[in-house]
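Colleague: With chain P held as given, fit chain D onto it using these hints.
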Amino acid sequence: MAKQLTVFVENRAGRLKAVSANLQACGIDIRAFMVQDKGDYGLLKLIVDKPEEAHLALADLGCACALKDILAISVPDQPGNFHRLTSALAEHNINVMDAYGFVLQPHNTGVCCMEVDQPQLMKAEEIVKAAGFQILRDEELYDM
Amino acid sequence: MEVPFWNKEIETLDRSSLEKIQLERLREAIGWSLKTPFYSKKLAQAGIGSPDDIKGLEDLRRVPFTVKDDLRRSFPKGHLSVEMTDVVRVHSSSGTTGIPTVIYYSREDLERWTDLLARCIVATGAAPRDIFQNMMTYGLFTGGLGLHYGAERVGMTVIPISGGNTKRQIQVMKDFQTTVLHITPSYLLHIHSQLQADGIDRASLSLDRALIGAEPHSENTRRKIEELLQIQAFNSYGLSELNGPGVAFECVCRQDMHVWEDAYIVEIIDPETGENVEDGQEGEVVLTNLIRQAAPILRYRTRDLAFLHTEPCACGRTHRRLSRIRGRTDDMLIIGGVNVFPSQIEEKIMKIPEVATNYQIHVDKKGALDRLIIKVEIYPKLFLGEASKLDALRQHIKEEVRSSIVINPVVELHEPGSLPVFEGKAKRVVDTRPQE
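Keeping their order, the protein sequence lines are chains P and D.
First residue of the first sequence: 0, per numbering that gives the first Met the number 0; consecutive thereafter.
First residue of the second sequence: 0, per numbering that gives the first Met the number 0; consecutive thereafter.
What the hints contain is simulated information worked out from the structure, not anything from laboratory work.
Hints are not guaranteed to be accurate.
[What the hints assert, rightly or not] Taking lysine-lysine and the DSSO-like style, the derived pairs with C-alpha atoms no more than 27 Å apart in a straight line are:
id: 1; chain 1: D; residue 1: Lys365; chain 2: P; residue 2: Lys16
id: 2; chain 1: D; residue 1: Lys7; chain 2: P; residue 2: Lys37
id: 3; chain 1: D; residue 1: Lys364; chain 2: P; residue 2: Lys16
id: 4; chain 1: D; residue 1: Lys380; chain 2: P; residue 2: Lys37
id: 5; chain 1: D; residue 1: Lys364; chain 2: P; residue 2: Lys37
[Said to hold, decoys possible] The following label-pair restraints were derived from C-beta to C-beta distances:
id: 6; chain 1: D; residue 1: Asp390; chain 2: P; residue 2: Cys25; range: 24 to 32 Å
id: 7; chain 1: D; residue 1: Glu271; chain 2: P; residue 2: Cys25; range: 30 to 38 Å
id: 8; chain 1: D; residue 1: Gln394; chain 2: P; residue 2: Lys16; range: 29 to 37 Å
id: 9; chain 1: D; residue 1: Leu227; chain 2: P; residue 2: Cys25; range: 55 to 63 Å
id: 10; chain 1: P; residue 1: Gln35; chain 2: D; residue 2: Pro419; range: 25 to 33 Å
id: 11; chain 1: P; residue 1: Asn10; chain 2: D; residue 2: Lys350; range: 21 to 29 Å
id: 12; chain 1: P; residue 1: Gly61; chain 2: D; residue 2: Asp68; range: 34 to 42 Å
id: 13; chain 1: P; residue 1: Asn10; chain 2: D; residue 2: Gln394; range: 14 to 22 Å
id: 14; chain 1: P; residue 1: Cys25; chain 2: D; residue 2: Met331; range: 47 to 55 Å
id: 15; chain 1: P; residue 1: Val102; chain 2: D; residue 2: Lys166; range: 50 to 58 Å
id: 16; chain 1: P; residue 1: Glu52; chain 2: D; residue 2: Asp68; range: 39 to 47 Å
Computed from a predicted model, the values in this text were never measured in an experiment.
The beta-carbon is built from N, C-alpha and C at its ideal position, and this holds for glycine as well.
In isolation and in its complexed conformation, chain P is listed as follows (with noise of 0.2 Å):
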């Protein structure tokens, strides 16, 4: 399953700049971000090519930073696909909790990432493997 860095920045001019500094000397690649707001403060999203180690590099430098297992859905660019996916989830009772979406290069494929309750996670996988959708592993993900 697809691994999410989540990071826990003030909302305030430098901060981000303070955490991408902290990744960019460790050479790792950022393959897609978001951020979601939470007034004071915003959880920075981001899907890595290295997590583990981005993880710690921050986490030693005292960052409030978490590996969270996600969905990574492969949706293909489609109209009507997105709602497919989000029907499958709703007709089982899975709430979505977070989601962003990006198009991963250069095979042009559209990934939908979605946060569930982690009890739910496994379930979640089921039905959207059975909805006809392909979640993507870590490395298909990274290494794309």
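Modeller: Just chain D, lined up with the frame of chain P:
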């Protein structure tokens, strides 16, 4: 200027007669105190075993000081001089370490306190014809109930609305044509902002007087209140250890507060040496309660800094006047009229595992109202990367703090290591409220 009195004889008594009453009542208070576990020991150590050991008022100086910690250590009944069946009321203030300080009143104690409060109210010129809206919090806090009974004693029409719900407060002011408010100065300023925001004409209200207390304020704040609201504002002083409000109150002259010296002996001491300072000098206010049997208290160190006026007041009262409170000798904060020690907040937030060891307490003003902001660092090892857990943490901190100090704080979550670190005694309190 007409000077109204509740008990003119007592209020204008010459000094020597006043001191005679003080001495008689002090002996009585020593007698009550000797019945409490706490004072019987403390007074014995000072060589006082009977009221007869007090020959003159100067003998009071032989009595050791009482501090807030003493009250906490003797919680719950170390200060009680009567049977619980003779206690008809309890008041309490929140404790700095989770242990509250508690005060007991017998029926006679309440009677004497209520009479003093009636005296305070009448001294401001308020009268039975007035409509009294009591906007101080009711409950264990002495401010609400104390003035409530005093106002009833005077014969005013009392509206026991308590604090909060500004729109309703204003509606009630209109509905009943309220003439006298009992309120904290900051809340009164907030009421003014609300009146303006709602476009309510001052002329539609009948306000004459505001009795303001529970938080220190400057003369400038009083003038601002009087100007903005076209109202006379009267300063008051009291603390639950000494019954509550009514220790000292301003008369119609509004030139600082008369301490009711037939009920309290006031001393001003040097907080460092404990020696009494010369008349007119600023120092720590020390008070002895002469009128409370159930929970007597002698030479209580209030931690409030003030001075006594030496010249008489134009109103003719002989009871000396206490200045505004000019500061504190400890780190107590007054936030929205509530006394808060930083240690109360620390105790609550340090119990929460997801909070790291560094934190800061900020106090500022949002409009006219005080705002408490607690900044905590999150503890990296317990960070799971979930926004919902952080929301829950923020809520948990809010609830813990509110349960302890009855104030709703704003809680800010910060990155580990981002708050300033202090060597030695941490300076964790940042108070940016304007000091006039």
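Colleague: Which constraints among the numbered hints does this structure fail? Numbers only, ascending.
Modeller: 1, 2, 3, 7, 16
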